[in-house]
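Participant: Under our numbering, think of the first position of the sequence shown as 1, with each following residue one higher.
Simulated from the structure, these hints should not be mistaken for lab results.
Some hints could be false.
[Said to hold, decoys possible] Keeping only pairs whose Cα atoms sit at most 25 Å apart, straight-line, the calculated DSS-like set for lysine-lysine is:
#1 Lys92 with Lys78
#2 Lys92 with Lys112
#3 Lys99 with Lys112
#4 Lys336 with Lys134
#5 Lys78 with Lys99
#6 Lys336 with Lys308
[Stated by the list, open to error] Here are the in silico distance ranges between beta carbons for each label pair:
#7 Glu318 with Asp182: 48 to 56 Å
#8 Arg339 with Phe91: 25 to 33 Å
#9 His145 with Trp45: 48 to 56 Å
#10 Glu115 with Gly281: 38 to 46 Å
#11 Glu318 with Gly281: 17 to 25 Å
#12 Gly8 with Thr213: 17 to 25 Å
#13 Ser266 with Asp200: 19 to 27 Å
#14 Asp182 with Arg340: 41 to 49 Å
Model, not experiment: these values are computed from the prediction.
Glycine included, every Cβ here is placed at the ideal spot set by N, Cα and C.
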Amino acid sequence: MTMVAITGFTDSTTAEMRDFLEDVVSNHSDTLILIANAATRSRPWVIEVELHNLDPERLVFNLIGAHGTLHHEVPFSKRISGTTDLQIQLFKLIDHARKANPEAPVTSLEAKIQERAAIPTHVATVAATCLIAKTTVQVTLTGLHAPVCGGDEFWYLMVPQPGAPDEIRHGFAISQLETIPDNRRPMAAYYTTRRRRPEDGEIDLWIHLHHDTGVAGWAATAQIGDTVALWGPRATYDPPEGTSHHLLVVDETGMPAAAAITEALSPDHPVTLIAEIEAPGYEPPLKAGSNVDLRWVYRSQRGASLSKTVAALELNSESLYAFGAANSQEISAVRKHLRRDRAMSASAVSMTGYWRREREASS
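Using the sequences and the accompanying hints, generate a full structural model.
Facilitator: Put into C-alpha cells, the structure is as follows:
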C-alpha cells in the first residue's frame, strides 16, 4: 500500500486510521473501486484505487484506469475526528455508490457490513464494581441476554458521556451513534469477557485504567445502575483441530480473554501464559492450575517485553496454537516471530493489537 498522508489528527488517532485504511486497501479493493466509479459519475473505468490523502474534511483518491490516473477528492458530509467517524463516512460512500450502481456485484466490504448489521445491540446496567488490581477494575453488568461465544468473546462497549446519561436507554442501537452530537455521543471501546453467567444475565468485564478519560475513566467511577450498551458478541479464538498446547500472550487488556480461555481448557491441557503488567504488585487474579506455565513480564524492568520473552521460549510449535492480545507493536513482533522464525501456519496464530502507545503512534 502506498503510504497515505493523514493530517489533522492526534498521533494515536492517525495510527488507528492508518491501520483501518491499510485493512480496507489490502482486503477490500473491490469496494474502493465501486466507490470510485460512482464518484466519477461516468461509465465505470477505474481498475485500481490508491488512497492519497486523508484529513478531517475529505478523502483523496488516485483513480487508475487504462488511460491514466485521476486525482479525485471526496468531501465528507461532516467533519471527522476519529476512526469511528471515518468508518461512518466510508459506509455512507458505499451506500451512495450502491445506489448509483445497483446491478454491480456485492463487494467484500459490503458483505462484511451486512454480516455485522445482523449483530444486535444489548442494553445493560451496572450491578457492581470492584478494583481487582492496582490498575484493573471489574465491572459487572446485568440484564444481558445474548448468545455465549466463549474463547476471546468481545464486545463494543458504549458508555454515556458525563452529563449525557440519557443517550443510552432501552432500545438503543449502535446505528444511532452517528445521529448523536459529538458532545453527547457515548464513549466506546472494545472489551473482552472475563466471565458470563447467562442464566442470570450477568457479565464481568475487566477494564484496565490506563487513562482517566473515555471508557476507562468512566469505569473508575462507574455507579450501580449506570446504563450501558454492548454490541456483540463476536470472537476470533479458533484453535485448529488437534491442538495440543496453547501459547497465550497478553497484557492487561488481553488478560480477561486469557483467563477465560485457560479456564475452559481441560485441566491437563498444557498452556504457556505470558502476561505483561506494569510492575510486581499489579497482578490481576489469574488462576493458574498445574497445567499453566505462567510467566509475568514487567514493563518497569529495562529491556523486558512480550516479544523477547516469547522469542526465548523453548517451544515445540507442532500442534501449538498461539493467541495474543496486547499492545499493537508488541503483538505484531510476536506474530512475525511465530510465523517466520517458528514457521507456524497462519491458522495456528491469532494475534490482535488492542491498543497503541502515543509515543509509538508518533514514531
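Participant: Check the structure against each numbered hint from earlier and tell me which ones fail, lowest number first.
Facilitator: Hint check: 4 and 11 fail, others pass.
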